[in-house]
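Order-wise, the sequence lines are chains A and B. Counting from 1, one number per residue, gives the positions in the first sequence under my numbering. Counting from 305, one number per residue, gives the positions in the second sequence under my numbering.
Since the hints were derived computationally from the structure, they do not count as laboratory data. From the three backbone atoms N, C-alpha and C, an ideal C-beta is built for every residue, glycine too. A portion of the hints provided could be inaccurate.
Claimed, not checked - Okay, the calculated bits of chain B under chain A, using three or more residues with CB under 8 Å as the criterion:
no.	region
1	338-351
2	553-561
3	603-614
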Amino acid sequence: MRTDTADVEQLATPPAFQRIGFARKFKNNLATTLFAAAFVVAVIPLLWVLWTLLERGLRPVLSANWWTHSFRGLLPNDFGGGIYHALMGTLLQGLVCVVISVPLGIMVGIYLIEYGRESRFARIATFMVDILSGLPSIVAGLFIYALWITTLGFTRSGFAVALALVLLMLPVVVRVTETMLLIVPDELREASYALGVPKWKTILRIVLPTALSGILTGVMLGLARVLGETAPLLILVGYSNAISFNLFDGEMASLPLVIYMERSTATVAGDYRMWGAALTLVLVIMLINLVASLLSKLFAIKTK
Amino acid sequence: MSAPDTSAGKTFRIGDRVFSSVATASGAFVVALIAAIGIFLLIRAVPALQVNQVNFLFSRAWNTANPSDLSFGIIDLAWITVASSIVALVIAMPISCGIALFLTQYAPRGLARPFAYIVDLLAAVPSVIYGLWGYLVLGPVLKPVAVWLNQNLGWIPIFADGNAPTNSGANVFTAGIVLAVMILPTITGVSREVFSRTPTIHIEGALALGATQWEVVRTTVFPFGRNGFIGGSMLGLGRALGETVALTIILSMSTAPPNYSIFDAGATFASKIALGSGEFNNNLQVGAYISAGLVLFIITFAVNAIARWIENTSGKGKA
Numbered sequence: 001m002r003t004d005t006a007d008v009e010q011l012a013t014p015p016a017f018q019r020i021g022f023a024r025k026f027k028n029n030l031a032t033t034l035f036a037a038a039f040v041v042a043v044i045p046l047l048w049v050l051w052t053l054l055e056r057g058l059r060p061v062l063s064a065n066w067w068t069h070s071f072r073g074l075l076p077n078d079f080g081g082g083i084y085h086a087l088m089g090t091l092l093q094g095l096v097c098v099v100i101s102v103p104l105g106i107m108v109g110i111y112l113i114e115y116g117r118e119s120r121f122a123r124i125a126t127f128m129v130d131i132l133s134g135l136p137s138i139v140a141g142l143f144i145y146a147l148w149i150t151t152l153g154f155t156r157s158g159f160a161v162a163l164a165l166v167l168l169m170l171p172v173v174v175r176v177t178e179t180m181l182l183i184v185p186d187e188l189r190e191a192s193y194a195l196g197v198p199k200w201k202t203i204l205r206i207v208l209p210t211a212l213s214g215i216l217t218g219v220m221l222g223l224a225r226v227l228g229e230t231a232p233l234l235i236l237v238g239y240s241n242a243i244s245f246n247l248f249d250g251e252m253a254s255l256p257l258v259i260y261m262e263r264s265t266a267t268v269a270g271d272y273r274m275w276g277a278a279l280t281l282v283l284v285i286m287l288i289n290l291v292a293s294l295l296s297k298l299f300a301i302k303t304k
Numbered sequence: 305m306s307a308p309d310t311s312a313g314k315t316f317r318i319g320d321r322v323f324s325s326v327a328t329a330s331g332a333f334v335v336a337l338i339a340a341i342g343i344f345l346l347i348r349a350v351p352a353l354q355v356n357q358v359n360f361l362f363s364r365a366w367n368t369a370n371p372s373d374l375s376f377g378i379i380d381l382a383w384i385t386v387a388s389s390i391v392a393l394v395i396a397m398p399i400s401c402g403i404a405l406f407l408t409q410y411a412p413r414g415l416a417r418p419f420a421y422i423v424d425l426l427a428a429v430p431s432v433i434y435g436l437w438g439y440l441v442l443g444p445v446l447k448p449v450a451v452w453l454n455q456n457l458g459w460i461p462i463f464a465d466g467n468a469p470t471n472s473g474a475n476v477f478t479a480g481i482v483l484a485v486m487i488l489p490t491i492t493g494v495s496r497e498v499f500s501r502t503p504t505i506h507i508e509g510a511l512a513l514g515a516t517q518w519e520v521v522r523t524t525v526f527p528f529g530r531n532g533f534i535g536g537s538m539l540g541l542g543r544a545l546g547e548t549v550a551l552t553i554i555l556s557m558s559t560a561p562p563n564y565s566i567f568d569a570g571a572t573f574a575s576k577i578a579l580g581s582g583e584f585n586n587n588l589q590v591g592a593y594i595s596a597g598l599v600l601f602i603i604t605f606a607v608n609a610i611a612r613w614i615e616n617t618s619g620k621g622k623a
């Protein structure tokens, strides 16, 4: 039987700190574990893929001929040969893609930030850039096929591939230009205007140089991404196992295409070349990423 | 806050005119580009659709070898495309959400950035390499899992026997897991962004009321970022729907019609086009593939548009 006094005493002195109940503690720890585990789960495939590449691709990449020869004249079962032809193809197509998409993308970025800000049309353009960044690479390839080959009558070529890569790279360049131009302090622009410098010269001489390192970093990252694209290659260019520097006519190899083509040879030597090409592609991408991070470290923008 | 307008001055500046015209034209070019993609695909698809012998949307046929007798339909392509993307989303969504919460709420300050960079690295691996890895390395490892699912849960239609041998590894199940890895960085990136914008005052409020860290996440961080997370998942879905080469490599093994199971193989919209490149000799034949490409374009356009819309409405009016 409880007495009234005991009841009152209990109410009068509630513990200042209540212990967290077991259930709550357990749930909290469980959640922490699960979230950390999710991160670990994401790291596993990354390490696994890299390990696979090193394990199977290191031998060809370290061989003497790999960087200086092509696959020309190689029988399906022959070991040897090198990736030079595909490396050159990839770099040439990437170069053309950069030459077209970088000026265009920067101008779009300048329009969006310096001229169009908040206008109705700029908002439509921003939306279209978003859509472009979600464009499947195979659709980009099909569009170039419909336009460049079926309608304009050109042949399948490395240049057609570069055009498709432009579609994929353009949104990256626009995005990074926008971001970097927004970081450029308005005081810089105002100081320039105060000195009587016209707007276009202010943009070209003051704003762009300030933002340039960031833009270059973004360009490199975008390039690294599009160089690995395979889908447009399959429909826009034929594969050649010989060296070709001709972007406008005939077949041309590139690293992703080599990987895709060697897969179908189904020989041990084909596997050797395939994994070699895969590791080479990842090395190229890593190198470009490395240059990008060096660029951003060397010329980091100073906002204050 | 736009930059001060200097054009009000009396001096006529030809340079300004030219430069602003070029910039505006570039902006217009991007808009025109999207329109051009739709229009050119449509122009090239219509002639083939006109001579198509079967219903384009609901037929299971795909006979394009003879240009004078085309019959092609997309229902099977749609199934494989949607099934692999759904499997990818089911796997990637909870993991991405967990990673984003871990990176924004749990990871030590100094490590959050490098950890995020590691997840972003997943996006740097080209899809052709994911395809090879999925087919040659992951597929064989997953075989026992696939067989177990098939044997124990086979009474559920989606785990029933597919058109490819369950133990081959070349099925939607493997493809979905590979796709999940590929879209993880997309979903994580967007989610991380919105979760990190949770107002500190909400978190502090919850903590002051005695909430545990999990309760803080459940009651403030997640509700605040929910829309952004869903938007990011839709972006991931858009990416998964359009992925080509990895799925071409993993799924191209079977040509039999699918059984609407996750152990089916076959072709998605994108991989059908990639596999069909050998038939690109005649405008009508190409037109059949372009029709499939047009459907893919329309679907990804819609998914991406909705994703951006959801993402933009996220967290507004709550801060």
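Here is how each hint holds up against the structure:
Counting residues of the region 338-351 of chain B whose CB lies closer than 8 Å to any CB of chain A gives 7, so the stated coverage by that chain holds, three being the minimum. With 1 residues having a beta carbon nearer than 8 Å to a beta carbon of chain A, the region 553-561 of chain B misses the requirement of three or more and the stated coverage is violated. With a cut-off of 8 Å between beta carbons, the region 603-614 of chain B has 7 residues touching chain A; three or more are needed, and the interface restraint holds.
The earlier numbered hint that this structure contradicts is number 2, and it is the only one.
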